[in-house]
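**Student:** Each protein sequence line maps, in turn, to chains A and B.
Residues in the first sequence are numbered consecutively from 0, following numbering that gives the first Met the number 0.
Residues in the second sequence are numbered consecutively from 0, following numbering that gives the first Met the number 0.
Please note that the accuracy of each hint is not assured.
Result set (PhoX-like, lysine-lysine): computed pairs, CA atoms no more than 25 Å apart in a straight line [to be verified]:
1. B:LYS402 with A:LYS3
2. B:LYS476 with A:LYS64
3. A:LYS71 with B:LYS402
4. B:LYS402 with A:LYS64
5. A:LYS64 with B:LYS491
Chain B side only, calculated, beta carbon under 10 Å to chain A, not exhaustive [unchecked claim]:
6. PRO199
7. LEU259
8. TRP396
9. PHE400
10. LEU460
11. TYR474
Bear in mind the hints are in silico, worked out from the structure with no lab data behind them.
All of these numbers come straight from a predicted model, not from anything done at the bench.
Don't be surprised by glycine CBs; every beta carbon is placed ideally from N, CA and C.
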Amino acid sequence: MDKKHWLERPETIVKLWRGGWVLLAILVLAEFTYHPHPYFVIDGWFGFHAAYGLLACIAMVLFAKLLGVYLKRGEDYYDRD
Amino acid sequence: MIEAVHFPPALILFAGAFLLPFLRGTPRHAIALAAPLLTLWAVWGVPDGVALGLPFMEYQLQVVEGDRLSRLFGTIFTIMAFTGTLFSLRQGSRLELPSAFVYAGGAVGVTFAGDMITMFIFWELMAVASTAVIWSQGGATAYRASMRYVLVHLFGGVVLMAGIVGVVAQTGSIEFGPMQTDSLATWLILIGFLVNAGAPPFSAWLPDAYPEASWSGTVFLSAFTTKTAVYVLLRGFPGAEILIPIGSYMIFYGIIYALLENDMRRILSYSIINQVGFMVVGIGIGTELTLNGAAAHAFTHIIYKALLLMSAGSVLLMSGGVRRCTDLGGLFKTMPYTATMGIIGALAISSFPFTSGFISKSMIAQGAADQRMFWVWMGLAAASAGVFLHAGIKYPWYVFFQKDSGLRLQDPPLSMKLSMGLFAFLCIGLGVNPEPLYAILPYPVDYVPYTTGHVVTMLQLLLFSGLAFFIMLPYMKRTLTITLDFDWLYRKLFRIAAREAAERSATAHTAAFEDAEKRLAQLIARIFRTHGPHGILARTWPTGSMVLWAAVLLAVSLLIYY
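The shape of chain A in the complex, shown without the other chains (with noise of 0.2 Å):
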């Protein structure tokens, strides 16, 4: 099978990075559809879960790194003496 899969061909994900950017424009744009009744402040800010969910995301990411930097062990750790 010389012929890559479809879903690995290069030209393929530059597709789906461009239909994935277009996705998030309309979920944030469809905010416009409705009122939102927000329980809090900042729930009710435009774009408030986008950018949360971004911004949580990459800040967990950062700190499971920094964590890993001290408690990252070799997988035989508990094994040798």
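Given chain A, put chain B in place with the hints provided.
**Tutor:** Frame of chain A, contents of chain B only:
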């Protein structure tokens, strides 16, 4: 309407467990699949109130007591036992399925226990049976993990027992109902429950032991222990505020540790703690909405977590034991069915709209918003995004996509496909139509999950989390590592301390022994000097000297008598 059941539904599973070892082939499969279904029938036959009481010493045990909450958990435990059995029909170990039946029976027994003694007996039975499930895998690694596992649970059991004794001594009642965290005894009970929920500092037993079970054993393990803990917390400590910070810690612990993990089933194990954290927070908030949410989330979680672990188990079985993300990838081409099932499970755990996770988890977040608990709500929202990050994308990405690992695995046999298909159907079915689940929750449901605002905001959280995943991908390169946890204390520190103590005792022992040996040698040398072959008292005297001495004696006696 079926006739009222006045025996413990768990007995059917126990009977199945005793029959299975004597059967082979089709009769074995038939009994194995029938027993959980019969138990499900019995669960729905248990009437409200005490259905079976037994005298025990001066107490009246309420061995079977039914209500809505019991039946809800009894239902999901038996559905899980059935689907897990279907998945494991090809399992070679003949110990695993009977153990899993006793384990599931213990869980069903706990849900119908009206008093704390009955609850405790079934609770401990689960600890023993689940250990046997891990044993079934065989091998030294699984054995050692199972020993660590059972020690933690027996410790939890002792704490729970002490608490129960304390409460019975104070109140004189063995009734298992809502408690206040106002005495040492109730605190001990709460701690005993939390050990099984995977709360800090007792979280490490779960990702330590579960991934060491077989490809089918882990599926059973994922369902019963932690969700029985959720059940007893719902029954015993609704609205206990301490559960909010504990649950929040569990949520983020699960995310962070799963992000650092390389073993595919250990990623999913960490995410069990994350999901149970959502339920624990819901119980801590303690409104009807969040208690319903916690119960509903336990129900849907068992299904999608089992689905995820079944897809991982299929990969494990078909690859002959490949378990690290670094060795996996690109499997979607040759095992499209398994990949699809894994993705459905991943979408459900991430609470994507139109999956089961969406209609259950959102009740908890809604409850936090209703109570104006700002920080709790913010935490839950961040965590919802984080679930997609650590399980929703990470698991399918590294196992089924990522890179071409060179593995060309096929989809698993039919029975395994059927069991995954059934749970995938429930994940989507309950997501699209939550009414059947809402109808059996403990409290009446006045909650509408599908509003435009809710769907849009949830999708924003999730898809922007997905964007973060791909932006941060270079930072998430898998490494051949494990991550230290509180189990470092008993796996390393205690070990080092024990070895240190042993070495010091050995040194002291050697020194004392050498000292004694030296003294003994000196003593022997001293005796030798006098009593040895050349010692003064051991010399052979020449005949001449005897004659001389005889002459001397004669001379002396002559002089005396003369």
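**Student:** Regarding the hint that B:PHE400 lies at the interface with chain A, is the smallest CB-CB distance below 10 Å?
**Tutor:** Given a least distance of 8 Å, the restraint on B:PHE400 holds.
**Student:** Taking 10 Å as the limit, does the beta-carbon of B:LEU259 come near enough to a beta-carbon in chain A?
**Tutor:** Holds: closest Cβ of chain A sits about 5 Å from B:LEU259, inside 10 Å.
**Student:** For a C-alpha distance cap of 25 Å, please report whether A:LYS64 and B:LYS491 respect it.
**Tutor:** The given pair, whose Cα atoms are some 23 Å apart, holds under the 25 Å limit.
**Student:** Between the alpha carbons of B:LYS476 and A:LYS64, is the straight-line distance 25 Å or under?
**Tutor:** holds (10 Å)
**Student:** Do the alpha carbons of B:LYS402 and A:LYS3 lie within 25 Å of each other, as the hint requires?
**Tutor:** Since the Cα atoms of B:LYS402 and A:LYS3 sit roughly 12 Å apart, the hinted pair holds (cutoff 25 Å).
**Student:** Tell me if B:PRO199 is really an interface residue toward chain A, meaning its C-beta lies closer than 10 Å to one of theirs.
**Tutor:** violated (14 Å)
**Student:** The hint names B:LEU460 as touching chain A; please verify it with the least Cβ-Cβ distance against 10 Å.
**Tutor:** holds (4 Å)
**Student:** Are the Cα positions of A:LYS71 and B:LYS402 separated by 25 Å at most?
**Tutor:** holds (24 Å)
**Student:** Would the hint on B:TYR474 stand, with a C-beta cut-off of 10 Å toward chain A?
**Tutor:** For B:TYR474, the interface hint holds, since the closest Cβ of chain A sits about 6 Å away, which is under 10 Å.
**Student:** Answer holds if the nearest beta-carbon of chain A is closer than 10 Å to that of B:TRP396; otherwise answer violated.
**Tutor:** Violated. Min distance 12 Å.
**Student:** Check the hint pairing B:LYS402 with A:LYS64 against an upper bound of 25 Å on the C-alpha distance.
**Tutor:** Holds, at roughly 22 Å.
When each numbered hint is compared with the structure, violations occur for hints 6 and 8.
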